[in-house]
Amino acid sequence: MYAQMIKTARSGIKPREEMSDQERDFQDKIDRDIKIEPRDWMPDDYRATLIRQIGQHAHSEVVGQLPEGNWVTRAPTLERKAILLAKVQDEAGHGLYLYSAAETLGESRDELIRLLHEGRMKYSSIFNYPTLNWADIGGVGWLIDGAAIVNQVALQRTSYGPYSRAMVRICKEESFHARQGYDAIMKMAFGTPEQKAMAQSAVNRLWFPAIMMFGPSDAESTHSEQSMAWKIKVKSNDELRQQFIDQTVPQIEYLGLDLPDPSLEWNDETGHYDYADPDWTEFFDVIKGNGPCNVDRLQNRVKAWEDGAWVRDGLMAHARKKAAAKVAAE
Amino acid sequence: MKNEWPLWEIFIRGQHGLSHRHVGSLHAPDAELAIKNARDVYTRRNEGVSIWAVEAVHVAASSPSDKGPYYEPSESKVYRHPTFFDIPDEVGSM
Chain A
283 MYAQMIKTAR SGIKPREEMS DQERDFQDKI DRDIKIEPRD WMPDDYRATL IRQIGQHAHS
343 EVVGQLPEGN WVTRAPTLER KAILLAKVQD EAGHGLYLYS AAETLGESRD ELIRLLHEGR
403 MKYSSIFNYP TLNWADIGGV GWLIDGAAIV NQVALQRTSY GPYSRAMVRI CKEESFHARQ
463 GYDAIMKMAF GTPEQKAMAQ SAVNRLWFPA IMMFGPSDAE STHSEQSMAW KIKVKSNDEL
523 RQQFIDQTVP QIEYLGLDLP DPSLEWNDET GHYDYADPDW TEFFDVIKGN GPCNVDRLQN
583 RVKAWEDGAW VRDGLMAHAR KKAAAKVAAE
Chain B
55 MKNEWPLWEI FIRGQHGLSH RHVGSLHAPD AELAIKNARD VYTRRNEGVS IWAVEAVHVA
115 ASSPSDKGPY YEPSESKVYR HPTFFDIPDE VGSM
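Chains A and B, in that order, give the protein sequences.
The numbering used here puts the first residue of the first sequence at 283, with every later residue one more than the last.
The numbering used here puts the first residue of the second sequence at 55, with every later residue one more than the last.
Treat the hints with caution; some may be incorrect.
[To be verified] Here are the in silico distance ranges between beta carbons for each label pair:
1) 56/B with 545/A: 29 to 35 Å
2) 135/B with 547/A: 54 to 60 Å
3) 103/B with 305/A: 42 to 48 Å
For the record, the hints were derived by calculation from the structure and aren't laboratory data.
In this text the structure is predicted, and so the values were computed from the model without any measurement.
Built from N, CA and C at the ideal position, the CB exists for glycine as well.
Next up, chain B with everything else stripped away, as it sits in the complex:
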């Protein structure tokens, strides 16, 4: 049986109440050790206060060929941004 440890993707929540953010990957035999290894590799300089580990095979990803159909439509929808609308100065900040 192939004994290479599976790959895990590691997410860390930084100090300031932000979301967990992807920081890198590592190998570990199971979830418990993935978190312990992540602690050793990715939080040695106060980088975080919480760790998520997800086995890489469970990450579903969009395909590069979807780039056009997925993301181009929003380019023409400038009205989705607040700056699209001119509000008179007299109204005050909005």
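In isolation and in its complexed conformation, chain A is listed as follows:
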């Protein structure tokens, strides 16, 4: 999802008899759905895994602004432009909520940003795909944020208090993102044949990258077990993916667009849609840095950070000078 392939520091779940008293108390709290708060005792691996997951989630929100920023000056109407700006602004806020949650674990925002810029942390694979036409912007809101919502709604129940509270806030705003995206796509799907073709092209290109967002299938997801036991992760990759597909197929049908995967079919027995797996080789390749936009995205992030350094430093110098003058005056 916005956090993919998060490595837990150990594989498999620590058996109860190997736990210290502190670890047992900690696990009992989690099992009773009592939230873990910043100053509570927690195992080092729990803290480290959370920092990785929340950090990657935060990076995804921030890098996620780039594919959309591409269209701010090209939006078809002033209203669409204002809506898109509001959405991009929300993503910056989401990044902030998440960095703040990570900071309660003792990792500073600047440090997380440094790790991202050095290529030692990742963001979601989805943002390494380009937004080629205006319908892609509708598609990003509806499909990408739609997929994010499925994950984030589940994460509202995550065991770490600050992370869970950030999710509650984010979910409220994501709902605006998904709806404005679907609204934009509807206009095109019900518009001229050219517009409809653009909408179809966006759905075709975004579908598989969107369902890849949930990460590899459960069978291959080796790091999930301990994260599930700690309720850092609440639902499995496949469960979330299925939920997203089940809710999205009728939305595509309503638009009168062709399904992007010919094997999508309702299965009466399972009560779910059957679907074809995305090309996981492509997924791992994008994660490794070989997606269509990986280099661009990171370069733009680093450039923005470096170009903004004089502003950050200048404001800090001003604040220190003002504080010193105030002390002198007293």
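Given chain A's structure and the hints, the job is docking chain B onto it.
Just chain B now, kept in the frame of chain A:
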């Protein structure tokens, strides 16, 4: 010198005359910008009519290990609640 902007805790008073409530944190070089940033991040959808910003290092917090001694004693003091007392129906509402 380390130039990371300090962390501020943000409190917002909602529309309906309630107390300021903690909504989250942000980074800012000083109080003035903390309030401006809070306005941009935390009041974009009519969430509030007033902002407090407190630098996070100035927040004093109780320790999790105080939980027992601090909060358990009140569990046995049920007489502090109005429902502890039975008032006869004839007396009317009280």
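Evaluation of the provided hints:
1. 56/B with 545/A: 29 to 35 Å: Since residue 56/B and residue 545/A have Cβ atoms about 55 Å apart, the given range 29 to 35 Å is violated.
2. 135/B with 547/A: 54 to 60 Å: Given about 59 Å between the Cβ atoms, the range holds.
3. 103/B with 305/A: 42 to 48 Å: holds (46 Å)
In summary, the one numbered hint that this structure violates is 1.
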